[in-house]
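Chemist: So the chains spell out like this:
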Amino acid sequence: MTGPLGKDLLALEPLTAEQINLVLDTAEPFKEISERAIKKVPTLRGATIVNLFFEASTRTRISFEFAEKRLSADTVNVAASGSSVQKGETLVDTARNLEAMRIDMVVIRHGASGAAQFLADRIESNVINAGDGTHEHPTQGLLDLLTLRDHFGNLAGVKVCICGDVLHSRVARSNIWGLKKLGAEVAVCGPRSLMPNAIDELGVTVLHRIEDAIQWADALNILRLQLERMTAGYIPSLREYNRVFGVTRERLDRAPKDVLILHPGPMNRGVEIDSDVADGPHSVILDQVTNGVAIRMAVLYLLAGGNPKLAEAAKGALA
Amino acid sequence: MPPKDPTPVLDARAVERTLQRMADEIVELNDGTEKLVIVGIQRRGVQLARRIVSLIAEREGVEVPSGALDITLYRDDLQTVGPRPVVGPTDLTADINGRRVVIVDDVLYTGRTVRAALDELADFGRPARIALAVLIDRGGRELPIHADVVGKKVDVAPGERIDVLVKELDGRDAVVLARREEPA
Numbered sequence: 073m074t075g076p077l078g079k080d081l082l083a084l085e086p087l088t089a090e091q092i093n094l095v096l097d098t099a100e101p102f103k104e105i106s107e108r109a110i111k112k113v114p115t116l117r118g119a120t121i122v123n124l125f126f127e128a129s130t131r132t133r134i135s136f137e138f139a140e141k142r143l144s145a146d147t148v149n150v151a152a153s154g155s156s157v158q159k160g161e162t163l164v165d166t167a168r169n170l171e172a173m174r175i176d177m178v179v180i181r182h183g184a185s186g187a188a189q190f191l192a193d194r195i196e197s198n199v200i201n202a203g204d205g206t207h208e209h210p211t212q213g214l215l216d217l218l219t220l221r222d223h224f225g226n227l228a229g230v231k232v233c234i235c236g237d238v239l240h241s242r243v244a245r246s247n248i249w250g251l252k253k254l255g256a257e258v259a260v261c262g263p264r265s266l267m268p269n270a271i272d273e274l275g276v277t278v279l280h281r282i283e284d285a286i287q288w289a290d291a292l293n294i295l296r297l298q299l300e301r302m303t304a305g306y307i308p309s310l311r312e313y314n315r316v317f318g319v320t321r322e323r324l325d326r327a328p329k330d331v332l333i334l335h336p337g338p339m340n341r342g343v344e345i346d347s348d349v350a351d352g353p354h355s356v357i358l359d360q361v362t363n364g365v366a367i368r369m370a371v372l373y374l375l376a377g378g379n380p381k382l383a384e385a386a387k388g389a390l391a
Numbered sequence: 245m246p247p248k249d250p251t252p253v254l255d256a257r258a259v260e261r262t263l264q265r266m267a268d269e270i271v272e273l274n275d276g277t278e279k280l281v282i283v284g285i286q287r288r289g290v291q292l293a294r295r296i297v298s299l300i301a302e303r304e305g306v307e308v309p310s311g312a313l314d315i316t317l318y319r320d321d322l323q324t325v326g327p328r329p330v331v332g333p334t335d336l337t338a339d340i341n342g343r344r345v346v347i348v349d350d351v352l353y354t355g356r357t358v359r360a361a362l363d364e365l366a367d368f369g370r371p372a373r374i375a376l377a378v379l380i381d382r383g384g385r386e387l388p389i390h391a392d393v394v395g396k397k398v399d400v401a402p403g404e405r406i407d408v409l410v411k412e413l414d415g416r417d418a419v420v421l422a423r424r425e426e427p428a
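These protein sequence lines map, in sequence, to chains A and B. Counting with the numbering used here, you get residues 73 to 391 for the letters of the first sequence. Counting with the numbering used here, you get residues 245 to 428 for the letters of the second sequence.
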């Protein structure tokens with residue numbers, strides 16, 4: 073028996089609007105737990121979760137770990153460096169060895185697109201994708217949706233522009249799928265060199281000037297410019313990028329209405345976003361971080377449980 | 245599917261009278277309203293708790309602090325039946341340390357909900373005493389738990405279930421005995 077999301081959470085693309093709304097609605101009561109003096113409920117007591125991070129991450133890994141601990145799960149963190157991955161062990165062997173130690177869930181961050189799916193097809197544990205290559209980062213997409221819903225009440229017709237390096241961004245892809253399913257209007261804005269071919273086939277508007285994006289949008293989700301892209305020749309310089317695509321106070325002041333500011337972090341202040349925007353009154357960047365823990369608790373809860381063997385035993389006891 | 249011929253147990257006026265008596269007993273049991281905190285269990289226990297709070301306010305002239313508990317995350321059956329789709333809000337801003345807490349629920353059956361509520365309350369503080377008030381006690385306990393204040397005891401035959409309706413959620417106040425639908 074599997075829960076309402078199925079065995080795994082790998083991407084937002086295959087989910088229905090009902091499933092996405094279920095996660096968002098379930099996250100609401102979880103927010104309150106983080107406000108308690110004792111920030112813990114016994115829901116996942118006895119469950120063992122492995123956080124398998126093959127790529128660097130601070131926010132996402134800590135957010136998952138808090139979510140797991142606040143649900144009373146036992147957690148183990150495995151990073152690529154310092155593990156047998158460095159000795160050349162394959163992903164599947166690593167996971168099978170972990171599974172042999174009787175774990176219940178794996179949270180995986182990996183540099184290869186499709187790594188989470190690959191793993192989910194081969195192990196029995198629930199798998200949660202914490203970012204795979206340039207594919208998807210579903211829990212980030214969900215926490216962005218929750219933050220937008222907190223602000224706008226309902227996402228239908230809300231105009232959201234995703235700005236920056238859309239080409240390499242798994243956050244952009246999860247956002248586009250999730251926002252479209254909930255009825256938002258989506259645009260993307262960035263340099264042509266950082267815009268995927270045929271992105272408009274996903275049903276998004278393509279804007280090439282940040283001024284146009286600010287004019288159009290109710291909310292901007294500003295992506296991190298991965299600094300290594302500059303050396304790879306996608307953009308001439310960081311200063312040039314800031315001059316043409318930076319979200320600045322002056323540009324926002326010319327907008328017809330207040331624009332909500334989101335950023336998945338980590339921020340490059342003075343590159344894609346200026347400090348007085350990031351710290352300004354319309355920034356919900358720290359709300360995103362707070363919501364991230366609640367969203368991950370909701371996902372863990374919805375994937376957990378329903379063990380068929382225990383269900384049989386309980387039925388036997390009733391008979 | 246609507247259940248066949250539900251038998252009325254309490255009508256709206258009887259529910260009102262019963263709640264009034266329960267409110268009086270709660271005040272009596274706690275020697276007044278000082279240190280009293282009323283906590284309802286989601287969902288219908290919350291509505292009943294609010295009614296009891298306003299009945300106490302009418303009689304005693306004191307608005308006692310109250311709150312709502314959702315015990316879904318404290319259930320003991322996640323591993324067997326899987327997640328409940330809807331988790332309701334817990335709203336317990338009143339300080340319960342050293343207070344006399346009365347848990348209010350609609351129906352007392354196996355006692356597992358109350359067990360979960362006791363665990364959840366312990367995460368919020370250490371009350372001086374915890375009591376339990378239920379509108380209906382239908383028997384069938386699976387744990388050593390009893391109610392201190394009972395609206396009405398009802399014998400429920402196998403194949404029957406008890407439904408408590410409250411006007412805030414169901415449009416009318418009533419308690420009915422209904423035939424349990426056969427699982428499909």
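Rather than coming from a laboratory, the hints here were simulated on the basis of the structure. Model, not experiment: these values are computed from the prediction. Even for Gly, the Cβ is constructed at its ideal location relative to N, Cα and C. Worth double-checking, as some hints may not be accurate.
Unchecked claim - Pulled a few chain A residues facing chain B out of the computed Cβ check, cut under 10 Å:
1. Gly75
2. Pro76
3. Leu94
4. Thr98
5. Pro101
6. Glu104
7. Ile110
8. Leu116
9. Gly118
10. Ala119
11. Ala172
12. Arg174
13. Ile175
14. Gly229
Said to hold, decoys possible - Residues of chain B placed beyond 10 Å of chain A at every Cβ, according to the derived structure:
15. Asp255
16. Glu269
17. Gly355
18. Gly415
19. Arg416
20. Arg424
Unchecked claim - Covered by chain A, per the in silico footprint, the following chain B stretches (three or more residues, Cβ under 8 Å):
21. 298-306
22. 397-407
Chemist: Hints first: check each against the structure and report whether it holds.
Modeler: Consistency of the hints with the structure:
| no. | hint | result |
| --- | --- | --- |
| 1 | Gly75 | holds, 5 Å |
| 2 | Pro76 | holds, 6 Å |
| 3 | Leu94 | holds, 7 Å |
| 4 | Thr98 | holds, 6 Å |
| 5 | Pro101 | holds, 5 Å |
| 6 | Glu104 | holds, 6 Å |
| 7 | Ile110 | holds, 5 Å |
| 8 | Leu116 | holds, 8 Å |
| 9 | Gly118 | holds, 8 Å |
| 10 | Ala119 | holds, 8 Å |
| 11 | Ala172 | violated, 21 Å |
| 12 | Arg174 | violated, 14 Å |
| 13 | Ile175 | violated, 15 Å |
| 14 | Gly229 | violated, 26 Å |
| 15 | Asp255 | holds, 33 Å |
| 16 | Glu269 | holds, 31 Å |
| 17 | Gly355 | holds, 15 Å |
| 18 | Gly415 | holds, 23 Å |
| 19 | Arg416 | holds, 27 Å |
| 20 | Arg424 | holds, 14 Å |
| 21 | 298-306 | violated (count 0) |
| 22 | 397-407 | violated (count 0) |
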